[in-house]
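Two chains, each in its own frame: build the complex with the hints.
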Amino acid sequence: MNIKKGFKLNPIRIMGILSLLIIWQIASKIIDDSTILPSIVAVMKTIPDLATFGGKELGGFEEPSYYGAFIVLSRNSLITFARLLGGTLFGIFAGISAALLIWWDEVIRRFIEPLVLTLRNLPPLALLPLFMIWFGGWEMGNILFIAFSVGVMIVINSVTAIRNLPPVQIRFAKVFGASRGQILRTVIIPGIIPELAGGVRVVLGMAWAITLGAEFLAVQSGIGRILIFSMNYLATGRMIIILLIFMIYAYLTFLLFSKFVNYLTRWMPNRE
Amino acid sequence: MESKIKIKVEGLCKVFFSEQNEKNTVFVNLNFKVYEEEFVSFIGPSGCGKTTLLNIIAGLEPYTEGKVLINGHPITKPGADRGMVFQEDAIFPWRKVIDNVEYGLEMRKIDKQERSLIAKKYLELVGLEEFANYYPKELSGGMRKRVAIAMVFANNPDTLLMDEPFGSLDYVTKVDLQEELSKIWQKERKTTLFVTHDLEEALFLSDRIFVFDKNNTIAEIIEVPFSRPRGEEVRNGQELLEQKKLLWRHFQ
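Residue numbers (my numbering), protein chains in the order written: chain A, 2 to 273; chain B, 239 to 490.
Just chain B, with the same shape it has in the complex (with noise of 0.2 Å):
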């Protein structure tokens, strides 16, 4: 697979101060290359520094040192050429749902009509085309996090970051958003960088998965072998058990 280099991460050191004004090292020399259209899953150990890391590429943390590009250019703010998915409840409860997943547009400067369509479009990927004049606080925890999925698609942005976004979700809900982001994805092809702790979920939605140790770096890149489309065959089939024990020796 000849692929385009999205983003590349090279040398990058994070070190940061506490309140304490305790020196504290997430990153050391970390490298690594994420191609387009490519779903790579960040796995590891509490506190390896995978959201951290997230937060570097969405512009939203600076770094100390070494190169981040994206595009071949370096990060230096957060733009609408990526959107992230965030684990807490982010979106904004005092807008209507079409209003929220209007917001990137809106921010944008897109007319009321151009972003009222493509809004809906997005609502109705994700299945919530009859709650559109609803606010946040009459739909569940999943829908909401749908909300947020079709808030960031609608933006646009060629590159998605996302930051365990199904981690407070029950199973269910949990396997139901699995297979719509699998299946939007399929659609929109955009790079996804994608922090998770569960295994099944990164195996389930990936390309590759870089597995994290204790000490802050990459300490295997798994290639997930499962054709696309995945359906319930691919997550509970004997391939992804068998993947599941070998990535779990990391963790032990």
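For reference, chain A alone in the conformation it holds in the complex (with noise of 0.2 Å):
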């Protein structure tokens, strides 16, 4: 599918959604087994159990309701929006300004290049328990956790797209006496966008997996905290739940992101 162009309903793709809600019913019925796979009426009937997520002390409902689900389930899912904006957004910001400064200086390119190609051959999660021993259960460490998984991503991807900038466009701004710091906003940072926000689509769905990996392992709460408490009750039904909610959010963070990408490249020949 391709996102560029928006979800359009039509025909072949409901008969697909459809097959699949009937697939789903069929097999629950012949599985006939609830905690490996409900039906979707079953399914719909858990929802106000979420209600009750965390306790009391953490700001869950005492009796299941569903709007005691909504609220739980908003407020999670706040938290885990905040995480992953904060940590993204951080870990972009820090890729980007790294990139740069290896353009500006030869001296930090030696330095942080050997740094970066290393920390980019171990896998995300690895880290986590490192982090979660240096931050414990604070906030700032699961942002700073994400943000590093992006930062490193990003880093790669910005050194490249500037390696990629036409040499010529950079002589043309030094022909009319740009000086370096001018150079750097008026060519480097717009020239870099395009080739940029490739990397930065693939990372946004790295960084939904990120955070959630830390929000199973590191804290109390989160749409991904959920998710794992549910799989501790075996409650599969909240965890399809949570499954539908977190696909429809990657999806609009993913739409969200492909509109502000396109008005950034709006200068961009089609490239379709």
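A couple of the hints might just be wrong.
In silico DSSO-like cross-links for lysine-lysine, where the CA-CA straight-line distance does not exceed 30 Å [stated by the list, open to error]:
{"no.": "1", "chain 1": "A", "residue 1": "K260", "chain 2": "B", "residue 2": "K347"}
{"no.": "2", "chain 1": "B", "residue 1": "K334", "chain 2": "A", "residue 2": "K260"}
{"no.": "3", "chain 1": "B", "residue 1": "K261", "chain 2": "B", "residue 2": "K421"}
{"no.": "4", "chain 1": "B", "residue 1": "K347", "chain 2": "B", "residue 2": "K315"}
{"no.": "5", "chain 1": "B", "residue 1": "K305", "chain 2": "B", "residue 2": "K452"}
{"no.": "6", "chain 1": "B", "residue 1": "K412", "chain 2": "B", "residue 2": "K334"}
No lab work stands behind these hints, which were simulated from the structure alone. All of these numbers come straight from a predicted model, not from anything done at the bench.
Structure representation (structure tokens):
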């Protein structure tokens, strides 16, 4: 599916989604075990149970209710979004800054580049235990962890993007007497946006995974936490609800991001 | 014609090492002078260092030995006193046409109102005033070249360096732009160094033509006899054809 073109409901797509639901329903009847695969109706019926997540001390409700489920989901979604957004933005900013520094100064390049190349080979989640020890349950620890994972990927992406800029544009700026700072601001930064956008799109998907990963392991709140919590209680219905919600969120973030990128790169020749 | 010397190149040597560490000599001992308000073309076989020479004068490339003087001062780095038009598409695609034309002025921190006035004037000069708010992607190759020319003239350099600016354009567009350039040049009278492979282009535009040979030295300097302004009668005239024949001998 081409995300850029948006999601239009046409008959074939509707049939695709419907057949998936039908297969689900039939499979749940055949399996006949609500722990492995509850039916659609059974899943919907577990929605109110989400209200009790976290218990009283963490803002949960005592009795299951749709209202409570809505409040709990909204609050935890906001928490997850805040982590995702804070970490990703911080990571993107730090990553681009590092790449610009690498462009700016040869000594800095020699210093940072091997560091980045080493860190890139580390699976991000492998670092999570270390961050937990450093920052404990501190919220900043999560955000820093997400930022770090995002940042490493963005540095590499930005460095490549800078390298791929047509050299003639930098020379052109130079013959107008532009200073290094002016070249940075007027040629490098606008010039790398299209390539960077592609990288950020990939990183965004990864950031969702990392945010959820951090919530699985390190904290007591967020929709990732609800997912793990539900698993501990073998509440498969609730898990499926969280997954559906997660799909919607991921799709919406991609959609918003694509809109934003299309605006930023409105000067680009059409590629299609 | 007693004119002031604008650019003086004396004993210029340029050597560079390739990635395989092989020594490449571009110039051994190059000497020439270009006078103020003169239009000089460099022609010669590919790889004879014409572009390198232009880059050196632009301050974009270092040289090994000798003197390269502009107004009597050695050239060390690029500056707004020299403007350059490249063969490649160099205008900034993320800036609208008008913002491109303002670029040099913006870099020199000239205030918004004044630079907008100047930019409009030069956009008009190249016939693109209606396209001020277009992005470069919406223009043809020839129009983008006009934008580049307007950008350079708007910055008001006193020396113009042009590196095969019309090399990638079709003949009709090329002729169009040569005539346009000739007109603007007549008005602004900037010392111009113009690299080209096109003999007709060199004859049509220049006051003098420096013919480079395979050894990267100037084999001959030709004074172009046509008076200005030049139009179709010069381009398609018998005399240009004769001159072209003479020039052609250097390429055989």
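Consistency of the hints with the structure:
Straight-line distance between C-alpha atoms of A:K260 and B:K347 comes to about 33 Å, which puts the hinted pair past the 30 Å bound. The suggested pairing of B:K334 with A:K260 holds, with an alpha-carbon distance near 21 Å, which does not exceed 30 Å. For the suggested pair B:K261 and B:K421, the alpha carbons sit about 43 Å apart, so the restraint of at most 30 Å is broken. For the given pair, B:K347 sits about 19 Å from B:K315 by alpha-carbon distance, which is consistent with the 30 Å threshold.
For a cut-off of 30 Å, the pair hint linking B:K305 to B:K452 stands: about 22 Å separates their Cα positions. Restraint check for B:K412 and B:K334: satisfied, since their Cα atoms lie roughly 24 Å apart, inside the 30 Å limit.
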